[in-house]
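2 protein chains.
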Amino acid sequence: MTQIVPVILSGGSGTRLWPLSTDRSPKQFLALVSDRTMFADTLKRTGDASRFAAPLIIGAERHAALMEAELGSDEHVAARIILEPSARNTAPAIALAALAAGADNTVMLVMPSDHVIRDLPAFVTAVDTALPAARDGWLVTFGIEPTGPETGFGYIRMGDALKQVPGVRKVERFIEKPARDKAEAMLAEGSHVWNAGIFLMRADRYLEELATNAPEMDTATRTALSGVNLAARLIRPDAEHFAACPSDSIDYAVMERADRVAIVPVACGWSDVGSWDALAKISSADAQGNTVVGDVLLLDTHDCHVHADGIMVTASGVEGLIVVANGSHVMILPRGRSQDVKNIVEAIKARPED
Amino acid sequence: MTQIVPVILSGGSGTRLWPLSTDRSPKQFLALVSDRTMFADTLKRTGDASRFAAPLIIGAERHAALMEAELGSDEHVAARIILEPSARNTAPAIALAALAAGADNTVMLVMPSDHVIRDLPAFVTAVDTALPAARDGWLVTFGIEPTGPETGFGYIRMGDALKQVPGVRKVERFIEKPARDKAEAMLAEGSHVWNAGIFLMRADRYLEELATNAPEMDTATRTALSGVNLAARLIRPDAEHFAACPSDSIDYAVMERADRVAIVPVACGWSDVGSWDALAKISSADAQGNTVVGDVLLLDTHDCHVHADGIMVTASGVEGLIVVANGSHVMILPRGRSQDVKNIVEAIKARPED
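Chains A and B, in that order, give the protein sequences. For the first sequence, my numbering begins at 49 and goes up steadily by one. For the second sequence, my numbering begins at 49 and goes up steadily by one.
Careful: at least some of the hints might be erroneous.
Remember, identical chains collapse to one label, so a pair may be satisfied in a single copy or spanning two.
To be verified - SDA-like cross-link-like pairs, simulated, lysine to any residue; straight-line CA separation at most 20 Å:
id : residue 1 : residue 2
1  : Lys225    : Leu131
2  : Lys225    : Arg305
3  : Lys397    : Leu345
4  : Lys230    : Gly196
5  : Lys211    : Ser331
6  : Lys329    : Asn137
7  : Lys390    : Met360
8  : Lys390    : Leu345
9  : Lys225    : Arg205
10 : Lys225    : Asp296
Calculated from the structure, these hints are not laboratory results. No experiment lies behind these values; they were computed from the predicted model shown.
Please model the complete structure; the sequences and the hints are all you need to start from.
Rendered as structure tokens:
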């Protein structure tokens, strides 16, 4: 039985965890929840050589040095990095990976590089559960069992169980990020899970569905890789041809339209760490309800999340704050308002140059 | 008529405005309320050459370079700096200044280097009012008309007016920092003012009272300056003899015991800037009640005092905070709790070494 090829998506460059995450140093390259970067934690997740082949990484050309540094000099000698010359969202990125993956029936485990999975055994069990269906040609998604009526995630409505594969169900419908009342209704109804953007599927099946549902993407990605050495450490698609590729997510371009899409629900301590509030929620709080990282001194302070990077943060007599500081910026928000980060980032961009 | 000699006390090394003020860079050397340091603002206050002679500055040997830098290379060529080899509080410091001031009947205006006086004309008028009494041998203090029942200042109870000098009253009693109820009672009673630690008096009269009330200080300071060139730019008292001098404030050692102590009440926008709350109080607030210094971006934020030094501070959705940040430390407190700074400084000192 051939091993699964981990496909690690590292194209993100969001600023939802600003001031630590920036376009120059996106979230996946930060050590936010352990003493390793989220990228390193993701790599480690597929370190079991009996199950997984060398990983394929896909990220932006401008982050090449960061990604190479993550791979180290000798640990991941067979890993390859596909350098996207421009950002075209996940559907084309995964197409490049599928084309580079090799044999048609290779099974890929597609994962973002900036998610947390606390319970690795539960996740591995879910992958094992999904594997027969994937080998059989199903595009398998992993659905996170909801812990609340979150409005920040897409949902998936699960349908009937696959008769031939225990633990796997058909996908009935993908649902976009819902309003609060709709999220509550889905939670009450059951059979709805969060869409984590993690997939197990054969490379040829993905490309087949792409050719059917997004033929321009199929053509553009094949052309962009034409004549490129796919065995090299750094794989560089042709910039001009890749620029001509439409930009879309795997959900919109493929999953919502494809035949034979299945789902394995899993509770594995997953988080997309999509905001400082999300990070605070998955961090271990002390007796005062504070979650701290770095050089932090708190007196008479409660329910605060404080992240200090290269600077010391002190507080006395405050509560319910998110405080993030590095050598160049300090940001202070009330807990529950970490969506305000985007307003701050926009306001800074909008300031007149000095 | 000879000019008044400004005597600028720069011995303070407090940390009440930590993390900006530190022992290495005390408050007087920071630009907290204007674009000049408080030391420079104090120097400027006595810049009128028709009234004031060259200043005498007294501070710690370890701050010599900071004080010399404040004087600049050519503006204050006749200024002198007395470098205290050890800290002995204000009574001995002023004794050194009195001995260095020259002619016995020289009048000295003794001022801390780290106070704010917003209304300079009002202050100069008070000095003019006090001058005849000082020339006549009175030790004149300046009393700040209270704006509230502050518990952080000493008070002075004013007695009868001096018959021969309009606007000057006898000091009836010095009162230590009071409890809240006592402060309120004094405010209601009237005739009580804050002790600002600013004095106008003849050098010989001060030394006379010192010899009477604190003879060991008189002897130790005279011995420490024996044989020292008092005309030099930098005056260095003998370390061993000065170390033998008792340590006490001018209030305790001299003023509370001396004959002929008078007071001129004045409302001159004075502040000792003794805490971040005090600094916030004298800063100009914007329409949202925020007072900011440095690179600060606030969204939906109210009644905050934010001081950014060499770092950018951003906040959204918070209110009533004091935030102070420099390249090495961030400190966050609720307004009204700036006395917590000392707890933070102590807690940092108490931490085990890394």
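Hints and how they fare:
In this homomeric assembly, Lys225 and Leu131 never come within 20 Å of each other (Cα to Cα): the closest approach is 30 Å inside a single copy and 69 Å across copies. In the homo-oligomer, the alpha carbons of Lys225 and Arg305 lie at most 20 Å apart inside one protomer (18 Å), although the nearest pairing across protomers, at 78 Å, exceeds that limit. For the homomeric pair Lys397 and Leu345, the shortest alpha-carbon distance between copies (11 Å) is at most 20 Å, but the shortest distance inside one copy (31 Å) is not. For the identical chains of this complex, Lys230 and Gly196 are intra-copy neighbours only, at 12 Å inside a copy versus 56 Å across copies, given an alpha-carbon limit of 20 Å.
In this assembly of identical chains, the alpha carbons of Lys211 and Ser331 never lie at most 20 Å apart, being 39 Å within a copy and 73 Å across copies at closest. Proximity of Lys329 and Asn137 under a CA criterion of 20 Å is satisfied in neither setting, with 28 Å inside one chain copy and 52 Å between copies. Within a single copy, Lys390 and Met360 get their C-alpha atoms only as close as 24 Å, which misses the 20 Å cut-off; across copies the closest is 16 Å, which meets it. Taking the shortest Cα distances, Lys390 and Leu345 sit within 20 Å of each other only across copies (13 Å), while inside one copy they are farther apart (27 Å).
Taking identical chains as interchangeable, the C-alpha atoms of Lys225 and Arg205 lie at most 20 Å apart only when both belong to the same chain, with a minimum of 13 Å there against 70 Å between chains. For the homomeric pair Lys225 and Asp296, the shortest alpha-carbon distance inside one copy (16 Å) is at most 20 Å, but the shortest distance between copies (70 Å) is not.
The structure is inconsistent with the numbered hints 1, 5 and 6, although it conforms to all the rest.
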